[in-house]
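Novice: So you can see what is in the structure, the chains are spelled out below.
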Amino acid sequence: MVTSATSLGRSGLHDWIIQRVTAVVLAAYVIYLTGFLFSADAIEYNVWRSLFGQVWFKIFSLLAIASICFHAWIGMWIVSTDYIKPTGLRMVFQVFVILFCLACLIWGAQILWSV
Amino acid sequence: MKMKFSIYRYNPDTDKKPRMQDYELEIEEGSDMMVLDALLALKDQDPTLSFRRSCREGVCGSDGVNMNGKNGLACITPLSDLKGSKVVIRPLPGLPVIRDLVVDMAQFYRQYEKVRPYLINNDEPPAREHLQSPKDRAKLDGLYECILCACCSTSCPSFWWNPDKFVGPSGLLQAYRFLIDSRDTETQSRLADLDDAYSVFRCRGIMNCVDVCPKGLNPTQAIGHIRSMLLQQGV
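Chains as they are written, first to last, in the numbering used here: chain A, 1 to 115; chain B, 1 to 235.
Heads up, some of the hints might be wrong.
Claimed, not checked - To be clear about the criterion: a stretch of chain B counts as covered by chain A if any three or more of its residues have a C-beta under 8 angstroms from a C-beta of chain A, and this derived list gives those stretches:
| # | stretch |
| --- | --- |
| 1 | 65-71 |
| 2 | 129-138 |
| 3 | 160-172 |
Stated by the list, open to error - Here are the computed lysine-lysine pairs in the DSS-like style, where the Cα-Cα straight-line distance is at most 30 angstroms:
| # | chain 1 | residue 1 | chain 2 | residue 2 |
| --- | --- | --- | --- | --- |
| 4 | B | Lys165 | B | Lys114 |
| 5 | B | Lys17 | A | Lys85 |
| 6 | B | Lys70 | B | Lys83 |
| 7 | B | Lys70 | B | Lys135 |
| 8 | B | Lys43 | B | Lys114 |
| 9 | A | Lys85 | B | Lys83 |
| 10 | A | Lys85 | B | Lys86 |
| 11 | B | Lys43 | B | Lys86 |
| 12 | A | Lys85 | B | Lys43 |
| 13 | B | Lys70 | B | Lys165 |
| 14 | B | Lys215 | A | Lys85 |
Said to hold, decoys possible - Quick list of the computed label-pair ranges, beta carbon to beta carbon:
| # | chain 1 | residue 1 | chain 2 | residue 2 | range |
| --- | --- | --- | --- | --- | --- |
| 15 | A | Ala27 | B | Gln21 | 26 to 34 angstroms |
| 16 | B | Lys17 | A | Tyr83 | 20 to 28 angstroms |
| 17 | A | Asn46 | B | Pro157 | 24 to 32 angstroms |
| 18 | B | Ala106 | A | Val55 | 55 to 63 angstroms |
Note that these hints are calculated values from the structure, not bench results. Every residue gets a Cβ at the ideal spot worked out from N, C-alpha and C, and that includes glycine.
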């Protein structure tokens, strides 16, 4: 058993499941949005606004943003533990990634609910 | 026919850094030989050339080397299988070199020890022996054959980056061999030992291990089974 403090999940399995579930959410979001773009007559302000004005789509979008953040957190953590060997540099990088992801999540929520 | 070889040479007592040395070997036209036989013939030319070998028939696993960029056992790899005008032989990648083609396997064995590669049964000892049905015994096929040559683990990038934390394909194949053994009673604690971000989950499914295994085993599949066992327990 190897301990890890800056990973998102509590265990290897936890990280593994989160990464797969978030991938499914992102795939669903991308497929829906692509379908919407191709089926809409014209993409203009009113169409865009009515899509993002619906609560369910706000929730769906927020879930997608959260999924990107968690997916990136786990992915970048793995990349950093593979390739960045000095402990100090690794920790700075990991903390930056975590704070950046959380900031994006908060900012995304703020943008979505301002519509 | 003259065959050209380029072999990794390093003697820490005299060399500042490793170098590649060229050799030539006369091979009878239309004949073939194993890489190990070629190495032995080259050692006759140059007795300072060092490498490990023992059984010379793919059973002991001591002559794992990197031939033209791919790990394998020198004793069961024919020269005719190696493409190109020159045969390039290097030690197994990722492990410290002791001398020439001889590597220090300590890190590899430490990971092997971690998975407790022996049967643990805490039940009352049976009068004669632990019995196993032919069906349960069949589950060990494709697992018990591992000869610990380290060809798989040393071809795995995840093992190169984290040899101290990632158990590696060979160790995980052995781990699954005991996880699936119907006579073993330590399945839960074995699984608990593996459920961190590195031991099993650092496998990224690159499958170099499957590509190089000289015994034709499939460590990636065994790792998938371990994941499934962890999943069944954790969901």
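Novice: Would you mind marking each hint as holding or not holding in the structure?
Specialist: Okay, the hints, checked on the actual structure:
1. With 0 residues having a Cβ less than 8 angstroms from any Cβ of chain A, the stretch 65-71 of chain B misses the three-residue criterion, and the hint is violated.
2. Using a Cβ-Cβ cut-off of 8 angstroms, 0 residues of the stretch 129-138 of chain B lie near chain A, which falls short of the minimum of three, so the contact claim is violated.
3. Note: the stretch 160-172 of chain B has 3 residues with beta-carbon separation from chain A under 8 angstroms; the three-residue rule is met and the coverage holds.
4. Simply put, B:Lys165 and B:Lys114 have alpha-carbon atoms about 10 angstroms apart, close enough for the 30 angstroms limit, and the pair holds.
5. At most 30 angstroms may separate the alpha-carbon atoms for a hinted pair to count; B:Lys17 and A:Lys85 meet this at roughly 23 angstroms.
6. For the hint pairing B:Lys70 with B:Lys83, the CA-to-CA distance comes to about 11 angstroms; that is within 30 angstroms, so the pair holds.
7. Between B:Lys70 and B:Lys135, the direct Cα distance comes to roughly 36 angstroms. Violation of the 30 angstroms bound is thereby established for this hinted pair.
8. Among the hinted pairs, B:Lys43 with B:Lys114 is inconsistent with the structure: their alpha-carbon atoms are about 37 angstroms apart, more than 30 angstroms.
9. Of the pairs offered as hints, the one joining A:Lys85 and B:Lys83 is violated, with about 36 angstroms between alpha carbons and a cut-off of 30 angstroms exceeded.
10. Between A:Lys85 and B:Lys86, the direct Cα distance comes to roughly 36 angstroms. Violation of the 30 angstroms bound is thereby established for this hinted pair.
11. Annotation: proposed proximity of B:Lys43 to B:Lys86 holds, straight-line Cα distance about 18 angstroms (limit 30 angstroms).
12. Simply put, A:Lys85 and B:Lys43 have alpha-carbon atoms about 39 angstroms apart, too far for the 30 angstroms limit, and the pair is violated.
13. Pair hint B:Lys70 plus B:Lys165 holds up; C-alpha atoms about 24 angstroms apart against a cutoff of 30 angstroms.
14. Straight-line distance between C-alpha atoms of B:Lys215 and A:Lys85 comes to about 34 angstroms, which puts the hinted pair past the 30 angstroms bound.
15. A C-beta distance of roughly 53 angstroms is found between A:Ala27 and B:Gln21, which places it outside the suggested range of 26 to 34 angstroms.
16. Taken as a hint, the range 20 to 28 angstroms holds for the pair B:Lys17 and A:Tyr83, whose Cβ atoms sit roughly 24 angstroms apart.
17. For A:Asn46 and B:Pro157, the hinted distance range of 24 to 32 angstroms is not satisfied, since their beta carbons lie about 51 angstroms from each other.
18. Taken as a hint, the range 55 to 63 angstroms holds for the pair B:Ala106 and A:Val55, whose Cβ atoms sit roughly 60 angstroms apart.
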